[in-house]
Amino acid sequence: MTGAGSGFGAGIAAKFVAEGAQVLVADINGDAANAVASAIGARPWVVDVSDNTSVRRMAGKLPNPDIIVNNAGITHLPQPMEDVSDEDFDRVLDVNAKSVFLMARHFVPNMKDHRSGAILNIASTAGISPRPNLSWYNASKGWMITATKAMAVELAPFGIRVNAINPVAGETPLLPSFMGEDTPEMRAKFLSTIPLGRFSTPEDIGNTAAFLCSDEASMITGVALEVDGGRCI
1 MTGAGSGFGA GIAAKFVAEG AQVLVADING DAANAVASAI GARPWVVDVS DNTSVRRMAG
61 KLPNPDIIVN NAGITHLPQP MEDVSDEDFD RVLDVNAKSV FLMARHFVPN MKDHRSGAIL
121 NIASTAGISP RPNLSWYNAS KGWMITATKA MAVELAPFGI RVNAINPVAG ETPLLPSFMG
181 EDTPEMRAKF LSTIPLGRFS TPEDIGNTAA FLCSDEASMI TGVALEVDGG RCI
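Under this note's numbering, the first residue of the sequence shown carries the number 1, and numbering increases by one thereafter.
Watch out, some of these pointers could steer you wrong.
Pairs of lysine to aspartate or glutamate, EDC-like flavour, derived with a Cα cap of 16 angstroms [unchecked claim]:
no., residue 1, residue 2
1, K61, D48
2, K98, D48
3, K98, E82
4, K98, E87
5, K189, E171
6, K98, D51
7, K112, D48
8, K112, D66
Pair ranges (Cβ atoms, derived) [said to hold, decoys possible]:
no., residue 1, residue 2, range
9, R43, P173, 21 to 29 angstroms
10, Q22, R187, 17 to 25 angstroms
11, K61, K112, 14 to 22 angstroms
12, T193, R91, 35 to 43 angstroms
By construction, these hints were calculated from the structure, which means they are not laboratory data.
Heads up, the beta-carbon is just placed ideally off N, CA and C, and yes, glycines get one too.
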C-alpha cells in the first residue's frame, strides 16, 4: 500500500489490518511509515513510487500481494495553469501517474501468473469535477480514472480486478495545499460544495477500500467510486 504513512493511506492500512490482512505500509517518508506500521501492527517499507529501481526493489521483497493499493499522491499549489513550474508538473505526474505504471510493471506479471488479485487506485473527485487553479493535479487524477478502466478491461481475463475511489477533499496533509491557505473562511468555502457538509476522513476511504478489495465485491471492476458527500452530483 503506497503513501500509507499518513492520510487516506494510513486509514486504509488500519482498516485492512483490522480485517485481518497482512499490510505493507509503504511511503517515501520512513519515519511516517514506521510510526503507522508500529501503531497498527504492520510492516513498514520506504519507497519512492516515482522511481523504477525503488519500486522494483520493493517488488523483489514482496512479489505476490493479493491486493495493491496505489494511494501515493501529491499536488501543486493552487495557481493559474501557466504558472506551475516544470518541476512541480513533473513531480505531480511522476507520483500520481507514473507510479501506477511502475507498480503495474513490477507486480502485475505475478498477479497474472496467479490469476487473481485486486488493484485499487486512489483517484479524486478532481478527476471528474475539477477545481480551478489545480489544473495539472486534476488532469493527473483524470488520467488515473481512465487508467483504472483500461487496466480493468485488460486484466479481467486474468481474474484481476481494478477499481478506483474518488474521495472529496479530506482531513489529510494535502488539504492545506488544495486550499492554498488553511483558514476558517477557506474551509467554509470548500465545505459549501459538499452537500453532506463535511470533509472525507481516512476512515471513510478505508471502509470503501476494504469493500472494493474484498470478495464481496468480486463482480465489481473498472469503477471509480465517488466517496464525496454528494459533491459530484
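Tested hints:
{"no.": "1", "hint": "K61 / D48", "result": "holds (15 angstroms)"}
{"no.": "2", "hint": "K98 / D48", "result": "holds (11 angstroms)"}
{"no.": "3", "hint": "K98 / E82", "result": "violated (22 angstroms)"}
{"no.": "4", "hint": "K98 / E87", "result": "holds (15 angstroms)"}
{"no.": "5", "hint": "K189 / E171", "result": "holds (15 angstroms)"}
{"no.": "6", "hint": "K98 / D51", "result": "holds (9 angstroms)"}
{"no.": "7", "hint": "K112 / D48", "result": "violated (24 angstroms)"}
{"no.": "8", "hint": "K112 / D66", "result": "holds (11 angstroms)"}
{"no.": "9", "hint": "R43 / P173: 21 to 29 angstroms", "result": "holds (22 angstroms)"}
{"no.": "10", "hint": "Q22 / R187: 17 to 25 angstroms", "result": "violated (37 angstroms)"}
{"no.": "11", "hint": "K61 / K112: 14 to 22 angstroms", "result": "holds (20 angstroms)"}
{"no.": "12", "hint": "T193 / R91: 35 to 43 angstroms", "result": "violated (26 angstroms)"}
Violated hints, listed in ascending order, are 3, 7, 10 and 12; each of the other numbered hints is respected by the structure.
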